[in-house]
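Student: Listed in order, the protein sequences are those of chains U and B.
Taking our numbering, the leading residue of the first sequence gets 425, the next gets one more, and so forth.
Taking our numbering, the leading residue of the second sequence gets 425, the next gets one more, and so forth.
To be clear, the hints were calculated from the coordinates, so they are not data collected in a lab.
Certain hints may be false.
For identical chains, the list gives no copy identity; a pair is met inside one copy or between any two copies.
[Stated by the list, open to error] Derived DSSO-like pairs (lysine-lysine); straight-line CA-CA distance at most 27 Å:
| no. | residue 1 | residue 2 |
| --- | --- | --- |
| 1 | LYS720 | LYS735 |
| 2 | LYS577 | LYS798 |
| 3 | LYS593 | LYS550 |
| 4 | LYS577 | LYS440 |
| 5 | LYS467 | LYS652 |
| 6 | LYS452 | LYS550 |
| 7 | LYS466 | LYS593 |
| 8 | LYS550 | LYS720 |
| 9 | LYS720 | LYS545 |
Each chain, written out:
Number of protein chains: 2
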Amino acid sequence: MNNFEYCNPVRVVFGKGTISRISDLIPKDAKVLVVYGGGSIKKNGVYDQVKTALKNFNVVEFGGVEPNPQYSTLMNAVKIVKEENITFILSVGGGSTLDGSKFIAAAAKYEGSDPWDILEKGAEVKDAVPLADVITLPATGSEMNCLAVISKKETMEKLAFGSPFVFPKFSIIDPSVTFTLPLRQVANGIADTFVHVIEQYVTHSVNSPLQDRQAEAILLALLDEAPKVFAMPNDYEVRANLFWMATQALNGWLNVGVAQCWATHNIGHEITARTGVDHGRSLALVLPGVWRHQRKEKGERIVQLGRRVFKLDEPNFEKAIDATIAATVKFFQSLGINATKAEYGVTDEVIKAIAELVDSRGVKFGDRGNIGGKEIVEILNLCD
Amino acid sequence: MNNFEYCNPVRVVFGKGTISRISDLIPKDAKVLVVYGGGSIKKNGVYDQVKTALKNFNVVEFGGVEPNPQYSTLMNAVKIVKEENITFILSVGGGSTLDGSKFIAAAAKYEGSDPWDILEKGAEVKDAVPLADVITLPATGSEMNCLAVISKKETMEKLAFGSPFVFPKFSIIDPSVTFTLPLRQVANGIADTFVHVIEQYVTHSVNSPLQDRQAEAILLALLDEAPKVFAMPNDYEVRANLFWMATQALNGWLNVGVAQCWATHNIGHEITARTGVDHGRSLALVLPGVWRHQRKEKGERIVQLGRRVFKLDEPNFEKAIDATIAATVKFFQSLGINATKAEYGVTDEVIKAIAELVDSRGVKFGDRGNIGGKEIVEILNLCD
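Required output: the full structure, derived from the provided sequences and hints.
Tutor: Laid out in structure tokens, this is it:
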């Protein structure tokens, strides 16, 4: 195990009827910016619950944060934060709304000339407006981490940043708000949860038996529970269990002291930025390609995953790798995700453009930092 | 899953050579009380590393906190905190020293007439002196929780309290300091880790597939790694893995939204208070008795534990319970712990006294709150 530091101060409030806790947890004298997305919260009762809880607070609203939150939209919110002297940001929606809110919180206090530098150049975030959230979609795990992914459609970029200043002060997770989600989104969220775990587990080993078992714990539970949400979409317990798995998959507990990959996410972001395909679906497309390309580097962990999670019993090492990849693809298909390049418009042209952009940034992906433009082309050619 | 709230703000600093981080993490103008135990830290190099890191700080020392920290000793430290205007407490030692430090921190700010009320009457802790620790023994998990167990030998009591005010601000976990521990203590710590998980897992089910798997993850990893520390006592990776398991077993992640038992600990504390037997050993003695007594209430989880962790393949339910209990006893024995009432001086007289004291307090133990004096006698009679 590598040396590490870990600190996660988020207060998680989980369960039925918990949205009302907002009124206890936001400072009484705060001026609150409520940030939301397309308006689904006005159909599923969440907006009304939030309004009721905030009835004694000074509130300004900002709607319209996109599923892949756009820099330009968020900068409009930053303007309002400054003009209205907002002292607290409450995100109400899914991970996109929360990621967007994290960026608004950081950009509003950023002293440099261009807040996009936070994403493109890794410029340090030294302060942020305090924020919290009511999270309504189990997928990103954003509710219990300090990361955010922001897009700029003008340049087809989708980049990530992180800072302890953007840990939510609290996150309200009421699984009963997920009943109205389209099952397509639920499926995307399950795929995102699965791949989050993979990025922190199917890497080169650093002697981490506990972290291995903890990653496998989430995957084993996910494989058991995922089919239930399609069979029993109105079962609260299933929704609660799936939500907690999504939160746990990216709150930092899995990756202390171990290597992390994130190549699948990095490449998936580029695909979504160009084709608009759902984030979870982009991951289902790319992951098998990454594994096929990196069978030597990742083979040991892929085989362990196959044996311990998919309960495969294949003694031949190479065949075990193939069997695990096949089992993973089958899992995605069981969610209704049939990920192929043709399906998602990932043409040779798109592949070439992604490779060129990544090389122009001078970055390398993967837990060994050895995936550049050339390797991305190879990986995507190995995808279905 | 039940509704829950979870917030754990401890900063964990883990790994080789991390003790020096103290000098960055304690406020520069603090007046620091360094609390320690019997002095083993002066033999294993920890004391010297701490002194070096604190060379520019205003420091007062308080040694002598016992393995079962005694109320009277701790109240001497409280006196010093007040007289010397201590603003920060640094515990340097094992879980006993840290538990003692948590109590000192709370008692020093307690406004009631008798700080023992915090333990005996559950009096609310409304403030505490900030504290942190260098933890040197993997066992209690105290480094990442807000709980403490304090003893009063005059009345043979061993009681627990908890408060968010006594979360350590940071915990330094350098596994290399554990090489000098007697293997008896290492074994005790492994037993404590195992039973901590059990108390949060072998309970009545509330539909918690993820928490189940997470508990099993720690147990599976523990079963794999424990033998290695006896075979390879100088291997850093083994020590690191065992330490992280101990920390994770009681940092709250396992028990969100689920039932918890703690009967084994409650009864074990009473035994230690009377006989002086090591905490971990008291648990190894009591646990089989609790399971034998509660086979109906806990049978389902005991069988699941047997199947998923001990890999037992016994189709008959009752036999599977017995096989799991036997496998657990065998695990304790593999640590050199042969726990019997005769071995630990748990006579009929001791059993009777414990039952009477528990009844006089009017408390009941267990996840169903149905274990009183009568049941304690039955349980202890079922122990080996």
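Student: Any hints from earlier that this structure breaks? Give me their numbers in increasing order, please.
Tutor: 4, 8, 9
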